[in-house]
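Student: One letter stands for each residue in the lines below.
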Amino acid sequence: MSLGWTVFSGFILAALAPFIHRFTKNATGWLLSLLPLGIAGYLFFNFFDSVTQGKAIATSIPYFSDLGVNLSFYLDGLSLMFALLISVFGFFIIIYAGGYLKGDAHLGRFYMYLLMFMASMLGVVLASNLIALFIFWELTSISSFFLISYKHNYASARKSAQQALVITGLGGLALLAGFILIGLQTGTYELTELLQSPEVLQEFSFFPILLIFLLLGAFTKSAQWPFHVWLPNAMEAPTPVSAYLHSATMVKAGIYLLARFSPFMEGVEVWQYVLMSFGALTALMASLLALKSSDLKQILAYSTLIALGTLTLLIGIGTEKAFKAAMVFLLAHSLYKGALFMAAGAIDHEAGTRDIRKLGGLIGKMPITFLAVLAAGISMAGLPPAFGFIGKELSYKALLTKEMVFVIAAVLTNIGLFAASWVVITKPFFGKLKAAKDHVHEAPVSMLLGPVILATSCIVFGFFPGWFDGLITSAQNSLLPVDGKKVHLHLLPETFSDPAFILSAITVGSGALVFFLWRPVFEGLNSLVPRLDIGPAKWYDWALQDLQRVAKWQTKLIQTGNLRNDLRYTFIVVFALIIYAIFRNNLIPTADTWNFSGLAIYDFILFFLMLGGAFAAVNARTRLSAITALGAVGFSVALVFIVYAAPDLALTQFMIETLVVIIIALVVIRLPAFNLEERSTQTERFRDSIIAGVSGVSITVIMLAVLSNPLNTNLSEYFAAQSVPGGKGHNIVNVILVDFRGIDTMGEISVLAVAAMGVYALLKYRKPKEPELTEDTNESNGEGQA
Amino acid sequence: MILNSIILQTATRLLISLLLLLSIWILLRGHNLPGGGFIGGLVGASACALYTIAYGVTKAKEALRLEPRLMIGLGLVVAVLSGFIALPFGDAFLAGEWLKFYIFGEEVKIGTPTIFDIGVYFVVIGVTLAMIFALEEINVEYETANDLANDLANDIATTDIKTSSDEVTS
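For the protein sequence lines, the chains are A and B, in the order given. According to numbering that gives the first Met the number 0, the first sequence is numbered sequentially starting from 0. According to numbering that gives the first Met the number 0, the second sequence is numbered sequentially starting from 0.
FYI, nobody ran anything at the bench for these hints, they're computed from the structure. A quick note: this is a predicted structure, and the numbers were derived from the prediction, not measured. It is possible that some hints are incorrect.
[Unchecked claim] Derived DEER-like restraints, expressed as beta-carbon distance ranges:
(1) A:GLY186 / B:PHE100: 54 to 64 angstroms
(2) A:LYS24 / B:LEU19: 32 to 42 angstroms
(3) A:GLY186 / B:LEU19: 36 to 46 angstroms
(4) A:GLU402 / B:LEU80: 28 to 38 angstroms
(5) A:GLY37 / B:LEU14: 48 to 58 angstroms
(6) B:PHE88 / A:GLY53: 31 to 41 angstroms
(7) B:GLY72 / A:LEU66: 28 to 38 angstroms
(8) A:TRP29 / B:LEU80: 46 to 56 angstroms
(9) B:GLY89 / A:VAL693: 50 to 60 angstroms
Using N, Cα and C, we set each Cβ at its ideal position, and we do this for glycine too.
Put together the whole structure using the sequences plus the hints.
Tutor: Structure below.
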């Protein structure tokens, strides 16, 4: 239970955040950041020691236990590492957001989305039940949609948010299908139980399909080629969001999933080579794209892709060494990427632009930011003494056990990354003073806290990597259990003739060369391949356009806009199916079904009332009389309910009839008078009467068939017996509605609400006289004017 | 559609409180006798509809104080929250929890299903009134049917339904 509250508390605070913000104004960020700090502290002090000693903690709250769906949580080395990253970064990001978006009109809402997102991420990494994991997974997609579209008056922000939602949502659905397959095969959705016998999935006849579903889920989320397009676009979000999405969350969810399923995939070559190939391809492509960008945030976004590709590659290798490298690299990447994104945001915020060609000489104006960028940048470049160096060394070591092609890809990738790192470090800070604003000064404390602490830790952890021995060991053990072996991280390699070290030297040498030639490389890449990522980005656009084209065509075909046609089509289709069912199951009534002996005189009266109402409606000469006649039919039906002792139904029917007459009258009163010449022609009326007649006869036949079978009363007897003891009510109908089938009713009222919103929007929609939404797509916009 | 009929207005003034009281009574008795949130909500909505017909949509909105759309949201929130009450008791979401006490010697039971039903009640009233008010406002906005028809036709003629691909070029 307590583990669950680390997740739930985030959602609760998210709901309260806008209200809190009303009272605390500028202090909100500092106040709300206490929650992630508390979560991190709670996880660290309560569980760190026991988890690093190889224990795992599991709790469970029953939810839909009959379906195997429970809110169960599981904490082992892997999830602890992710949970700590998410909460610690959440702490810095929330404080940073308070400074960055200071004075923004919707800041309260922003905190809500951010906390919701953080809680969903914690849910993903802590959930033990696969269905719960999926729900949190989708919640991250939804909350990141709100975060990316935060500046929703920009068309580009809306498009990017939609793209991220479509791509990651699609992957989420694939994941759900995969999880359900797992559940069907193994009879459980609990990771804790599945991990007891990891080989079980491979024995599954649907294993290849399962593999595809899992890979789709993980690749879309962690932005592997060709699904990477959404990630660079997601930087449309305000910088705190980019920093959070890119460093510790969202994209790492895909990596988490790959890591989490690694134990099940031991020895599966397809899995390994798919991961390695896509990882290497993604990293290499991103490395080129990083060198052709001049927007600070964009360079960093592509460097995130490099990291994600590298991580996928490492997890694909699947050896103990590779998992160790992956975990260290993941940690190092989160640290430097968080620091760099926040620092880039500070530069944008103070200097007014993120374009490195328009920036320069800021070192004197923003010395603290510079030091943070320098420290984090060294780590990104993979130079000693930064923590990133250890990660890179370990990944080279792990790669050297595999095919040469992957080693070459990794070295080329890292050369690009090295050059890009130095571009980020030097371009904004050295040279002639250039900025888009006049009085550039250091960012406020709230915006410096995160980058400075994270950047410092990039270096400090490089000197004391031993602090993470325990965490990395237990995280690696979650992926591939190695008994009794402990990881010992150290900064310097044992020998300098170590092949990994030589690869590093090559990387640094060539990287430096590329950096000095950056300008020609930048221009060359930009002219040579104008849009390098044209492939998948274009595919996405085409797919979306075609989808809409098909939808439009199909809508025009079926929904002509003429109500009579719509009704005609609907009735023909529905009753064709019913008639098919009648003949297929041979439900044609026999003579003995025609039994009128039990009918009383009032039954016949009601029958003729309804019949009369229907005839009057068809032959009505004004709309109002048609509605009234239909009302008569409806009220007669209500009377039937009363006669057959269903007072709840009768009451509802009465009320609905009343309201329907009112609503239709409101519509009709403004319609032009019924033009008799526009009425259907004689032939049309004949055709329609046949359709109506066949419909009526077939529904009668079906009802007779239903009645000729004895009713199965198990269910009604159960409800009648359970109503008072189980539901504490004597009205069975109501007890079913609000208690036994409460979740159905919940669904129904939600549908009602959505329908009402739809009707409201349709009725209220008028083409705006002036375009309300600015279609401004200016790259460095004034997000959060201070 | 304001009928401006004195008879209707006077009758409405007399009836409205009775009808609203009736709707609440139907809502609360629902667990044991015919009624419940859905029917109660419909009765409440028809009471408000009657008021709207008698006095017009502006007056009705003033009297209601709460936007129908807000009422829908409120109802949904109440219904969802009532489901969470069971969780601390160790029961599943939406499981019924009951509290029994006595007023003037009469046994009164209050349970989470009642709260849930109150949520349903508000959603139903909100949904119905959102539609009725929106329809009425169109009627207020346009003098004659032809004005509305012309305006709508104009909208349709000049609106090219935008696909998001139009925005892709940015």
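Student: If a hint holds in the structure, say so; if it doesn't, say that too.
Tutor: Hint by hint, here is what the structure shows:
Separated by about 45 angstroms at the C-beta atoms, GLY186 of chain A and PHE100 of chain B break the suggested range of 54 to 64 angstroms. Range check, LYS24 of chain A to LEU19 of chain B: about 40 angstroms between beta-carbon atoms, so the 32 to 42 angstroms window is met. Against the hinted window of 36 to 46 angstroms, the Cβ-Cβ separation of GLY186 of chain A and LEU19 of chain B comes to about 53 angstroms, which falls outside the hint. About 57 angstroms separates the C-beta atoms of GLU402 of chain A and LEU80 of chain B, a value inconsistent with the hinted range of 28 to 38 angstroms.
For the pair GLY37 of chain A and LEU14 of chain B, the supplied restraint of 48 to 58 angstroms holds, since their beta-carbon distance comes to about 56 angstroms. About 35 angstroms separates the C-beta atoms of PHE88 of chain B and GLY53 of chain A, a value consistent with the hinted range of 31 to 41 angstroms. Our hint of 28 to 38 angstroms for GLY72 of chain B and LEU66 of chain A holds, since their Cβ atoms are close to 29 angstroms apart. Evaluation of the 46 to 56 angstroms hint for TRP29 of chain A and LEU80 of chain B yields a failure: the beta carbon distance comes to about 29 angstroms.
For GLY89 of chain B paired with VAL693 of chain A, a C-beta distance near 56 angstroms keeps the hint of 50 to 60 angstroms intact.
In the structure shown, a violation is registered for the earlier hints numbered 1, 3, 4, 8, in ascending order.
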